[in-house]
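Enquirer: Could you build the full structure based on these sequences and the hints that come with them?
Protein chains: 2
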Amino acid sequence: MRDSYHEQLLAVTDDLVHMTKLVGTSINQATQSLLDADLGMAETVIKNDELIDELSAEVDERYMELAARQHPVATELRTIMSGFRISMSVERMGDLAVHVAKQARLRYPRPSIPQELRGTFAQMGGLAEAIVSQAGTLIASRDLHTVGSVLDYDDEMDRLHRQLFTIVLSPNWHHGVEAAIDVTLLSRYYERFADHAVTISKRIIHIVTGEPYAAVDVEAAVSEVPMLGGTARS
Amino acid sequence: MRDSYHEQLLAVTDDLVHMTKLVGTSINQATQSLLDADLGMAETVIKNDELIDELSAEVDERYMELAARQHPVATELRTIMSGFRISMSVERMGDLAVHVAKQARLRYPRPSIPQELRGTFAQMGGLAEAIVSQAGTLIASRDLHTVGSVLDYDDEMDRLHRQLFTIVLSPNWHHGVEAAIDVTLLSRYYERFADHAVTISKRIIHIVTGEPYAAVDVEAAVSEVPMLGGTARS
Numbered sequence: 000m001r002d003s004y005h006e007q008l009l010a011v012t013d014d015l016v017h018m019t020k021l022v023g024t025s026i027n028q029a030t031q032s033l034l035d036a037d038l039g040m041a042e043t044v045i046k047n048d049e050l051i052d053e054l055s056a057e058v059d060e061r062y063m064e065l066a067a068r069q070h071p072v073a074t075e076l077r078t079i080m081s082g083f084r085i086s087m088s089v090e091r092m093g094d095l096a097v098h099v100a101k102q103a104r105l106r107y108p109r110p111s112i113p114q115e116l117r118g119t120f121a122q123m124g125g126l127a128e129a130i131v132s133q134a135g136t137l138i139a140s141r142d143l144h145t146v147g148s149v150l151d152y153d154d155e156m157d158r159l160h161r162q163l164f165t166i167v168l169s170p171n172w173h174h175g176v177e178a179a180i181d182v183t184l185l186s187r188y189y190e191r192f193a194d195h196a197v198t199i200s201k202r203i204i205h206i207v208t209g210e211p212y213a214a215v216d217v218e219a220a221v222s223e224v225p226m227l228g229g230t231a232r233s
Numbered sequence: 000m001r002d003s004y005h006e007q008l009l010a011v012t013d014d015l016v017h018m019t020k021l022v023g024t025s026i027n028q029a030t031q032s033l034l035d036a037d038l039g040m041a042e043t044v045i046k047n048d049e050l051i052d053e054l055s056a057e058v059d060e061r062y063m064e065l066a067a068r069q070h071p072v073a074t075e076l077r078t079i080m081s082g083f084r085i086s087m088s089v090e091r092m093g094d095l096a097v098h099v100a101k102q103a104r105l106r107y108p109r110p111s112i113p114q115e116l117r118g119t120f121a122q123m124g125g126l127a128e129a130i131v132s133q134a135g136t137l138i139a140s141r142d143l144h145t146v147g148s149v150l151d152y153d154d155e156m157d158r159l160h161r162q163l164f165t166i167v168l169s170p171n172w173h174h175g176v177e178a179a180i181d182v183t184l185l186s187r188y189y190e191r192f193a194d195h196a197v198t199i200s201k202r203i204i205h206i207v208t209g210e211p212y213a214a215v216d217v218e219a220a221v222s223e224v225p226m227l228g229g230t231a232r233s
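These protein sequences, in sequence, are chains A and B. Per numbering that gives the first Met the number 0: the first sequence ends with 233, consecutive numbering throughout. Per numbering that gives the first Met the number 0: the second sequence ends with 233, consecutive numbering throughout.
Because the hints were derived from the structure by calculation, they are not lab data. It cannot be assumed that every hint is accurate.
The list treats identical chains as one, so a pair stands whether inside a single copy or across any two.
[As the list claims (entries may be wrong)] The list that follows gives simulated cross-link-like pairs (lysine-lysine, DSSO-like), each with its CA atoms no further than 27 Å apart:
1) Lys101 to Lys201
2) Lys46 to Lys201
3) Lys20 to Lys101
Expert: In structure tokens, the structure reads:
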């Protein structure tokens, strides 16, 4: 029974990881829809978000069942309680991909972003895809060595976010107010997307180390990783 | 033991309600700092968010303990699991108040919003304060009659949010790109603030009715309230 319970917990974790993969596809396609003003691609992202929401609902139900059926303590309890919150973050990341796609749809057939910013948004899209993939790896492996690259991607995302502010506010900006607002909101969606990956990392550190979530210092945890070791699914 | 357990659960709920009150004060003060370009007030909001974060951390720890120490099922389990997520929403609402305050601080001593939009932001501030207060009442009482006004406030907030978009995008807008971006982001903070109150309402309906969270239809729940009755803390 106990073993089967542990297996079920791992199965829910697998679904959580699967959610991150679906969200990775979503943000990739959302970015493409944005860069190419591709309406069909935007609609795909919007439509597929239902699958992510359904999977998220299923994951939540199973965490509830696992919490109810046994008496989880220590790592198992943290896995359930934190997993329950991680699914919320991943689901929200899916929503942010939808926000990007809806922005592309709103301006179709015009592109939503000026030509000269395509490169920056392509970079942001690439970072978003990379960070959610790393978050998935971290959820699956609990190898805290992964946290470092999540933070690096997030730093780079923040840098691009600030850079875009500088561009739209510069005297050289000649695309008008609407484009400035579109760029600002889109940039914020990507930036928030990355923030959620950092939050997920913090929750995994909490699961692995047992430190209270609020006390987890992600930066410090990264520098201490050799001490913690990569305790995959311990 | 069971009674004491139930009392402890109610005590955590009280702290959750207390969090909503602190956030109500924060969003009120953040709005004031915005309307009056009041740096001291903005700093107060930013500083006081630490208290909300601390309380949130404490609430989370106590939910973890309650989940670990006994074997909660049914309503109690939903109360713990959902409370654990509600605290996240309330804490995030506090962050959004901080975003507003930081925007006021960023532009100080200039006002962050044009004179003619002060009225709209005052309304948004009032709605935000009202909606978090209603969310607190709902958490405390579980009286689903409260949900209707949460939805009404949220609808009104969405209307103002759309109105602001129309204003900054109109040909009459003569405050430039920076002010347009400030208004857009600020408006989004208030809109997201209200969204969290709707999410909290959905979670309370889930606790009261036992319906899976993802299946909760908030609008439908409101129209069915007379059937459900006001099952305060049942």
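Enquirer: Broken hints, numbered, in rising order?
Expert: Violated hints: none at all, because every hint is consistent with the structure.
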